[in-house]
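Here is what each chain is made of, one letter per residue.
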Amino acid sequence: MTDAVRDIIEVRGLCNRFGDFVVHENLDLQVRQGEIIGVVGGSGSGKSVLMRSILGLNRPQGGSIEVIGRNALSPDPRNRHYIEQNTGVLFQNGALFSSLNVLENVLVPLKEHSTLPMQLMTELAMVKIQLAGLEPEAAFKFPAELSGGMRKRAGIARALAMDAPLLFLDEPTAGLDPISAATFDQLILTIQKALNLTVFLITHDLDTLYTICDRVAVIADRKVLVNAPIDHVAAFDHPWIQEYFHGPRGRAAQFAQEKL
Amino acid sequence: MPSWLETIEPNLVIDPTHGDRLLATGDWTFQHADVLIPLLDKSRGGIGNVDARSINRLDATGSQLLLGFLRRHGVDENELSAKPEHQALLAAVIGSSQTPPEKAAQPPLHIRMLGGIGLWVDKGYENTLIFLSFLGQTLISFLINIVQPKHWRITSTVFHMQAVGLNAVPLVMLLSFMVGAVIAFLGATVLGEFGAELWVVELVGVAFMREFGVMLTAILLAGRTASAFTAQIGSMKSGEELDALKTMGLDPIELLVLPRLKALLVTLPLLAFLATMAGLLGGMAVCSWTLGISPEMFMSRLNSELAPRHIWIGLSKAPVFAAVIGLIGCLEGFKCKSNAQSVGEHTTSSVVQSISLVILLDALAAMFFMELDL
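Same order as they appear, the protein sequences are chains F and U. Quick note on our numbering: the first sequence kicks off at 30 and runs consecutively. Quick note on our numbering: the second sequence kicks off at 1353 and runs consecutively.
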């Protein structure tokens, strides 16, 4: 196996049910180390449930999940702990702690999981805040004082705090204006390149898919229908995929990409 | 185990061929920070350049440590050679290492204390004004509401009557029973010394009918209901639900405050009556077990010695307490900001305010009725 195709996330035969409602049935997904994978699907198709299952926030009824070579479903807390230390998550609305300012928010994981001197932790947190594209002055602002875009940047800074090699982003560009969304896409790409991250990205944003994703996984009919580079996915014969990529918005995004 | 899961201990050694060059090797990552810090600390000065091309894995923490080390020893960043794939990261970290701006120095302690007192007084004054204006607004809404049966919100009112009143019955009665028993015990101990055990009946009767029945209920509801109102309205506010109501042309006072207030106005007097009865029952139980005063004797003495005005005086305070609890609970909810901390603070504040006001008003009422010789 060459370096490019080693799997950092491996989901096999995943089953998720809520009562009678089947979300996933025999879902398989592989994420390679160092890639940006975009996960798309209709509302309610189970994108977030998949992410929550990988993160251990939701216990699936069946299947196996391996993250960074560890079994994510094993009862051994050391496995869970290892995965938690090696993943960073940006929730949809940032999920910043509202009673702490940005710097303190970024310091939370550092303080809890390391014994570094305070001054160094502050330096590291400031690097992450600026890597995420925030001004140093924003460090002392509280989440309530930030705009939606800044809150997401602060959320990314916190997700990066521990230098985790695996980053989960839940709809990073949702709720941003198109210009901010495009800047944010570039930010993700820059950070991913600089820190050599693997990014698991849930999105509805076709522009994001076209500009930064190496591969796109489509969830429909309770499983991952296809997981491939976007041109390959767009040509896949399935009504939802055709509607998604070749509807008015899909064509516009594709056209914009070709013009670049 | 795949090769990419293995880690290599980081190291920093002097290049055997160049005395002023340091060789960095291994993994310079967050996981190895506790090894890297002492390693960098014990390195001597007089370094010309650093060769980081043998670093296996590098992350932002490692880069920051390495760059900080260079800065401390006055080595220019250009004297650092790194693998091509690490260049981008190093450049990004160099571009992101501004230190946080200094916060303005704080004034000395005594000035801050003085400032704190000033702010406290100012805030107290402001809060009083806000409370009075809220009282006025609610009163006007209430009066308008009375003549508009269509806007009575009966379902909502009945729902709150159940939550506030019916569901609190067991708690209120149990605690009143206990307090009634305690007062009877106290009376038995103190009055027993004068051979006046029979007066325990009057003690329990007057205490519960005039004061404790209604005050205990009000204190319990202040803890149980005012906090619930604040938290409900506060979390609605943080979810922008109040703004949604306003944009739909609905009045939050009519929709949220009036049903809660009405529910309290109806149920608090009823609960206070039940609490009085439970307290008397507690006193009666203690009397019959320890003092040999039979329930029949207790009842007949209660009938002959106590005038009915006592219970009316007690219950007359119930609507006032109900209004205080309801208004403060709702008002604190409206004052919440959209974060968890603020909802917590205002919930605490609403309980503290309503309990203090209930006790204060009760004391004032006691003096008032005493002056009237009632």
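The set of hints was computed from the structure by calculation and includes no laboratory data. Treat each hint with caution, since some may be false.
Incomplete in silico selection of chain U near chain F, CB under 10 Å [said to hold, decoys possible]:
no.: 1; residue: ASP1367
no.: 2; residue: HIS1370
no.: 3; residue: ASP1372
no.: 4; residue: THR1381
no.: 5; residue: ILE1389
no.: 6; residue: ARG1409
no.: 7; residue: GLY1420
no.: 8; residue: ALA1443
no.: 9; residue: GLY1447
no.: 10; residue: GLN1450
no.: 11; residue: GLN1693
Virtual Cβ for every residue (Gly too), placed ideally from N, Cα, C.
Q) Is the hint on U/ILE1389 kept, meaning its closest Cβ partner in chain F is under 10 Å away? A) Hint on U/ILE1389: holds, closest Cβ of chain F at ~7 Å, below 10 Å.
Does the CB of U/ASP1372 sit less than 10 Å away from some CB of chain F?
-> At about 26 Å, which exceeds the 10 Å cut-off, the nearest Cβ of chain F leaves the hint on U/ASP1372 violated.
Open item on the list: Holds or violated: the hint that U/GLN1450 contacts chain F, with Cβ atoms closer than 10 Å.
Closed with: Nearest chain F Cβ about 5 Å off; hint holds.
Practice problem: Grab the minimum C-beta distance from U/GLY1420 to chain F and call the hint holds if it beats 10 Å, violated otherwise. | Solution: Check passed: Cβ of U/GLY1420 comes within 7 Å of chain F, closer than 10 Å.
Note to self: So, as I understand it, the hint says U/ALA1443 touches chain F; can you test that by seeing if any CB pair is closer than 10 Å?
What the structure shows: With Cβ-Cβ at 8 Å, under 10 Å, it holds.
### Task
Closer than 10 Å between Cβ atoms is the bar; does U/HIS1370 clear it against chain F? Give me holds or violated.
With a closest approach of 29 Å, the U/HIS1370 hint is violated.
Q.
Quick check on the hint: U/ARG1409 CB to chain F CB, less than 10 Å?
A. Hint on U/ARG1409: holds, closest Cβ of chain F at ~9 Å, below 10 Å.
Inset, instruction - Would you check whether U/THR1381 satisfies its interface hint, that is, whether its CB is within less than 10 Å of any CB in chain F? - result: 6 Å, holds
Exercise for the section: With a cut-off of 10 Å on the beta carbons, see whether U/ASP1367 makes it to chain F. Expected result: 26 Å, violated
Per-residue hint verdict: U/GLY1447, partner chain F, C-beta under 10 Å:
It holds, given that the least Cβ distance between U/GLY1447 and chain F is near 7 Å, below 10 Å.
Quiz item: With 10 Å as the cut and Cβ atoms as the points, is U/GLN1693 at the interface with chain F?
Solution: It holds, given that the least Cβ distance between U/GLN1693 and chain F is near 4 Å, below 10 Å.
Checked against the numbered hints above, the structure breaks hints 1, 2 and 3 and satisfies the rest.
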